[in-house]
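Engineer: Residue strings, one per chain:
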Amino acid sequence: MVPSTPTQPPAPGPSRGRASWVLAGAGLAAVVAAVGLLWRGGDDAPAPSAVAAPVKASRSPGSHGGGGGAGAAASGVAEAEAAERRFSDQTCFPELARFNDGVTLDSFRDQAAPLLASKDPLVRDYLMSKLSELIGDDAGKAGQVVAWARDAQGAEFKVLLSGLRGSDAVQKPQVAAKLLEAGMDPGLSIERRAGMLSALDSQKRLTPEAMDRMADFARDPASTEAGWAATRTLGRVMARESQNLGDASPYLDRLITIATDSPDEQIRHLAQTAPLHNSPVLDAKTTDRFARILQSEGNEDGRDAAAQVLAMSSDKEQTLKLFADSFNREQSVCVRWALFRFSARVAGRDALPVMANMAAVDPRFQALYGTFETLYAQGNVDFIRVWNELPDQNPFGCMDRHQ
Amino acid sequence: MPRFLQGLRALGGLTLMLTSPAAFAQSTPSAAMPALKGESCSVQGLMDQLRQGLGSSSKAYRDYLNAVLREAAVSLPSGELHAAFDRETAPAMVEQLAAALVARSEREAEKDAIQAVARRALEDRDPSVRAATVRAMRRTGALEKTGDMYERLMRDGSPEVRMEAAKNLIEDNQYVYSAHHGPATDMAVNAATASTDPKVTAKILESLDTRRMGPEAGQKLLGMLGHESADVRRSAALALGGVPAAQMGPAREALVGMYRGERDAGVRKALVQGIAELGFADAVPALRKLRSVDPGMAPEIDAWIRVLQSGVQEWDLLLREKQRLQQVH
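Line order of the protein sequences matches chains S and R.
First residue of the first sequence? That's 0 in numbering that gives the first Met the number 0, and the numbers climb one at a time after it.
First residue of the second sequence? That's 0 in numbering that gives the first Met the number 0, and the numbers climb one at a time after it.
I should point out that these hints are in silico values taken from the structure, not numbers from a laboratory.
Everything numeric in this text was worked out from a predicted model, so none of it was measured.
Just so you know, even glycine gets a beta-carbon here, dropped at the ideal spot from N, CA and C.
Do not rely on the hints blindly, as some may be mistaken.
The list that follows gives simulated cross-link-like pairs (lysine-lysine, DSBU-like), each with its CA atoms no further than 30 angstroms apart [what the hints assert, rightly or not]:
1. R:K36 x S:K118
2. S:K284 x S:K315
3. S:K140 x R:K36
Which chain S residues stay away from chain R? Per the calculated CB distances, all over 10 angstroms, these [unchecked claim]:
4. K140
5. W147
6. G186
7. D215
8. D219
9. S248
10. D252
11. T256
12. R291
13. G297
14. N298
15. A323
16. V360
17. P390
18. P394
Bound conformation, chain S alone (with noise of 0.2 angstroms):
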């Protein structure tokens, strides 16, 4: 199931430590918290500063130095020892700096094996960013690290990837083929062809042409891994263009057609979640087919994911009704609470005589409807701000059954 929302409300006070602040505050971002860690990467993750730099749980209440302000005093320096036991030795590479200013594209594999072998996460980053710039633009040498990459081995293999994905050059039409090729070559390990279909996902746009082999090849029930990364840079190039305030639909319509036809359930959820992270609002074309997933899917998180991606449909009240019908008949009471919420994500209080009527049908929603009908008679007109102001926003437990 796609978690709707951060597992607890956002308590103000400052025993609390900032990292819940950033999983409480996300507001509808989060969401898509859990579709999220498989989702994001690369270069959706976090800013370095911000996660350079986390809060330790084991923070002890009332050890907060506030504006101390002597750095070394005795229990300081203490600390600071005591500190520096604790934490493993970071490793440096004094002649870094030399192979930096000396390789080349056609030395990188061989000159960047030793420092490979030390498994060092920033230096690996390094080497990735390293042949981003290496390659630049030229599609001539991103077609040779496309080659490299058909027969790599292990964090190699990732590198060349990675690097290829951030460099420029990447975005050029020569080289997007090459890699889409590459990922449909069935010569290739589906584990390999799922590398290059994902190191297509900083493409600024795909083709039709593109859009349509990557889905057909996601249907395919021997796709498996490589059909997922398929589904997962049609749906990342589609939330790109959607921020560009680009056109999002073609991506939409091949990500449905996988949702609803691709016989690998994961594949399918995969594809129904991939809205969430651009909340396109839906014609009447799309939303009869969001309506079909929502009344026939088999797996009750992708009902859920429709509901969500439902809420954002411009006929408000068909909406209403297809969540009313879909409630009555609808046996989990996970899938019950999406489409009890997100009829407030459809109309506001528009919606709470529907809801009303939800909490008629099964008397576990009465106290829930009282908590939204009193925050919209506060003055409350946003969705976001009604969400994040609920007491409990995991009254069924139904974000604990993916943990």
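With the hints as your guide, set chain R onto chain S.
Structural biologist: Chain R in isolation, oriented as in the chain S frame:
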């Protein structure tokens, strides 16, 4: 995790396992290659690498050096690191060393290490160094650990320092607290209203999410609507659009009341946006009434009415639809 996803994650290179770099079985490099041997990091060694590398044309290498110092910071000798920080005068190097001390503080290797950074941000004679140390505290927990530092930075004599401090307040609220920590929002509002630099005040307010703002800060924000700078009035109107439900009534009244007397087109545009955010579809009647005040604003108001009538229930998505609409026309 689905059956094949573990393999995919490993293949895609999109997630990194944070493995310990303890053991290093080094392959033999050829004569032409540098001896790429790993060794324990030292303050001096890192300083040498940084001093040489920060001027490198390779962003990949500069990013690596930044990351390695922050990662190594927790296990470097505290005294040496503080001494290097105290001695250093080049702003770029000061920024790196300050970031290392902040990392120690954030990871609770040395909680008070950030105080040395805060002191230098306030007291160093060189404004470029003060600005650099301020930058080193960005997107961290500095806001909760440095008392009234930000209000004092608002009064710094250097515009560069004031603007860097403003960026910290904005980015900390956005990325560290996701706008969910009222005291952090209030601190940003207090700093913005304490500033005598209209550019800085506007910079903070125009992108501040005020959904958790306290009533006192809300009052201060209302007061900024009367500011002599149009830029400040514009940013205050935008900030007031997002206030908590309890503050919505007075905010709406203030924005609607101000519209007729406001002469600046940019401020009027912000007032309309603030009114839209405070009411969603309920704002449509008020916007219709304002339509005749200034014919020049009618297209803008019409665009808002059209978007609000779509019934979309989330502000970010409404904004997106508005942008899309403007792109089409």
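Engineer: Tell me, in ascending order, the numbers of any earlier hints that this structure violates.
Structural biologist: none
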